[in-house]
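Participant: These protein sequence lines map, in sequence, to chains A and B. Using the working numbering, the letters of the first sequence map in sequence onto residues 3 to 164. Using the working numbering, the letters of the second sequence map in sequence onto residues 68 to 801.
FYI, nobody ran anything at the bench for these hints, they're computed from the structure. From a predicted model like this one, the values you see are computed outputs, not experimental measurements. Don't be surprised by glycine CBs; every beta carbon is placed ideally from N, CA and C. Keep in mind that the hints are not guaranteed to be accurate.
[To be verified] Computed Cβ-Cβ distance ranges for the label pairs, DEER-style: (1) A/Asp53 x B/Gly175: 51 to 57 Å; (2) B/Thr786 x A/Thr155: 42 to 48 Å; (3) B/Arg418 x A/Thr80: 32 to 38 Å; (4) B/Ser266 x A/Asp53: 31 to 37 Å; (5) B/Ala544 x A/Asp53: 56 to 62 Å; (6) A/Ala115 x B/Gln788: 42 to 48 Å.
[Stated by the list, open to error] Anything over 10 Å on all C-beta distances counts as not near chain B; from chain A, calculated: (7) Gly54; (8) Glu55; (9) Thr116; (10) Pro120; (11) Ala148; (12) Glu151; (13) Met158; (14) Glu161; (15) Thr162; (16) Arg163.
[As the list claims (entries may be wrong)] One-sided and incomplete, this derived list gives chain A residues near chain B with beta-carbon spacing under 10 Å: (17) Ala18; (18) Trp25; (19) Arg28; (20) Gly39; (21) Ala42; (22) Leu44; (23) Gly79; (24) Leu87; (25) Gln103; (26) Ala127; (27) Ala128; (28) Cys134; (29) Ile142; (30) Lys143.
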Amino acid sequence: MIRFTLNGETVETDLAPDTPLLWAVRDEFGLKGSKFGCGAGLCGACTMHVDGEAARTCILPIAAVNGREITTIEGLGTPDAPHPLQEAWVAHSVPQCGYCQSGQIMSAAAFLATNASPTEADVEAAMAGNICRCGCYPRIKEAILASAEALATDAMAEETRA
Amino acid sequence: MSAANLSRRAFLRGTVMAGGGLVVGFLLPGCSEPGLPVARLDGDWVPNAFLQFTPDGVVRFFCPRSEMGQGVTTGLTTLVAEELDFAPDRMQIELASAHPDYVNPDFGVQATGGSSAMKAHWLPLRQVGADTRMLLLQAASAQTGASPAELSTDDGFVLHGTHRIPYVDLLETAAGMPMPSESPLKPASDFRWIGKDASRLDSLPKATGTAVYGIDVDVPGMHHAVVLRSPVFGGTVSSLDAAPALAVDGVTDVLEIDTGVAVVATSYWQARKGAQALSVQWQGGASADVSSASVRADYEFAAEDDGNEAHAEGDFRAAFAAASDTLEATWWAPYLAHAPMEPMNAVAHVRADAAEVWAGTQGPGPTQGLVARHADLEPEQVTVHQTWLGGGFGRRGTIRYVAEATQISKATGKPVKVLWSREDDLRAGLYRPASLMRIRAGLDADGRISAWEAKRIGGNITPDTLENVLPAVLPGAPEGVIDAAVGLADKAMRDWVVDNASIEGFHEDYDLPNFSVRHVTRDHGIPLTFWRSVGHSYTAFAKETAMDELAERAGQDPVAFRVAHLRGNPRLRNVVEVAGREMATMGKAAGRHLGLAAHGSFFTDVAEVAEVSVENGRIRVHEVLCVVDCGTAVNPDVIRAQMEGAVMFGLTAALDGEIEIEDGAVKQSNFHDYPILRMTEAPKVRVVIINSSDAPTGVGEPGLPPIAPAVANAVYRATGQRLRAMPLAKALLA
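Bound-form chain A, shown alone:
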């Protein structure tokens, strides 16, 4: 039995320990927002957070996440209460086919948590592991930079209030 936290809730599964986290989350726990793109950790469509860090879950066996904290796109925000990055994605009309965007947003969220005021080059380097076949890169970059700015403004406002 493997047990981990999924979007804040403790879950357990008796799936084979070599089952990739992606398939456990999609097929066992029914959260379909994280996508299968390559099965080899090459495209980033399956990106989730494992203890806050972006991870390619199509090649991450569930045996490796026992006791750890997993966040998926569903845990980041919802249509009714979107994360600032998701709001930025909408404001910049980022998605085309949209299939890679969960992974893009999860990579971006983990990155912004470590770098609150990134340069363009920082964003490019951080996002180089996520492929978008529709070529939404200019808008993904804009949305991340705008979101970082908004988060920084919010943080400043927080500080002022405190």
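Given chain A, put chain B in place with the hints provided.
Facilitator: Frame of chain A, contents of chain B only:
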């Protein structure tokens, strides 16, 4: 979770999250308006196949075209909303199921492709909105006693003096009245939403992981299938030992289907493990002895053949012989895969008297027919649930993955999801054909093109398309008839006529007094299909790099040379002139070089300027200017996004894209050896949209053809090397 657990209203609404799982609810058959594919509940008004008004004020638009990222749901919603006078962002979008009312007016089939949607639906969908609005006005007139002339509308309300009647209050009256026809359409000056930048309507579900793609569909009792296919195209099973696969936990069935051997299990991962355990040997296949080198050698051998003439005017031979200066060269474009981010997949549930299929395809109509054929049912017994497409680019027009799911479900009696791996996608796909191209051109003493011959050597797309589409659009036709029709088309295109998809884009743009477009068909058994911009994806490369070479020989500036040959094509001429003016402000930094290319495709004209540097043998594209004339810009931001995306897609192909064949099989397997452009390599893209009041034309594909020649022309300025083969990164080092 069964449908009965959900309220009918909730069931109609599309996607429902329940019990930690995701259930996809779709329109219930059996309660629809007579002749209409839209389910109607008490109090609903369903005036036609495209619109549904509910008593709680919801207005639903059933989008007849497939959304694969090109923005068609946003664009077509805007058309109907404009004339209905109801804000597009308050409409609910449904992806239409299979029904004759949803056929593409350009094709007569319910399919999406050829950058056709906006052009084909521009008038018909506005007419639907206008007629429906007119009926609401007539209903308001009946309810209030006011004459129609005293009434107007404003975003969901009929106005009568100071009184505002919401559309929802008119449904009952409207439902009893006949639909008017040919109601007047708004003049462009009255457009409220058409022509304005507006956010895409599908961004929020796609940014929150709640948009349902085919891969996300779960149905009760669903099993998962993985299919092993012959690595050589057309190969068959020579020996099969199912026992090791059946011994894998969760595997329930192993069976042979048309395309290979299917392993069925209770989860995808178990099916994948079962497939790894399976022992299967293959034999034969149409491409058995083929390699990329043998294909190229054969094309070069065939390049001297006259082939068939597709288009001609004047006397090329005489003009070429009399030319003051000539250019003669050959160009190469390799096989390419589409590699959409969502691998091919479909869910099918075949029962004795009906079947359901859930899939993202470029053709819900053909999907219905193909399922009927493989399930031994009539098309009317097949319900098609269309999902969002995780990329299409032409690939999802060929739907063998739907046939696979149908065959497996029929044989096992289970609802089955077939899911391809990335390796399956790259190795068992259909490809943009490899092409060898030869251009011979002559300049007269004034530096004008006096002779132009463009010849392409390669396989044809249309016979393969027929092989895949005929079984779907003629589900009752016996295999023998299909084979005969495909064989006839193949022979005809080899011997007598030219497949236009093979040579489109070679001669249409410029003033050419004496020209000949020729084709030599050479087929090597590699499955071929439409790939974003089709023939234009390679003809533009040859044509536009040749234009730069000719400009240089004529001692003219590349912009001025093109403009001088565009007297008969004022729209593209204007696009080139605008690009030329913008170009003058670009490329100022040290080490940066500019290249321009222009091309018309799918009724849209595009010119692109690439700002390029070549550093350590690697081509780097820093910025791309894209000037586009696509008639009325229905949603300028969607057009910009399509141009940006086409530049990236085209750059991936131009710089690195290559599917190689070895021993009859595809060598590439995943994104490490079929690399896709990443953000670190993505240029800035600046889009200029020409202001136009012409009817709109497509934008999904036309941004692609100019990028490869624009980059190659810039590389020439950087290095002095004329790159005439793609991928350019490889050609640069050759």
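Participant: Of the hints stated earlier, which fail here?
Facilitator: Violated hints: none at all, because every hint is consistent with the structure.
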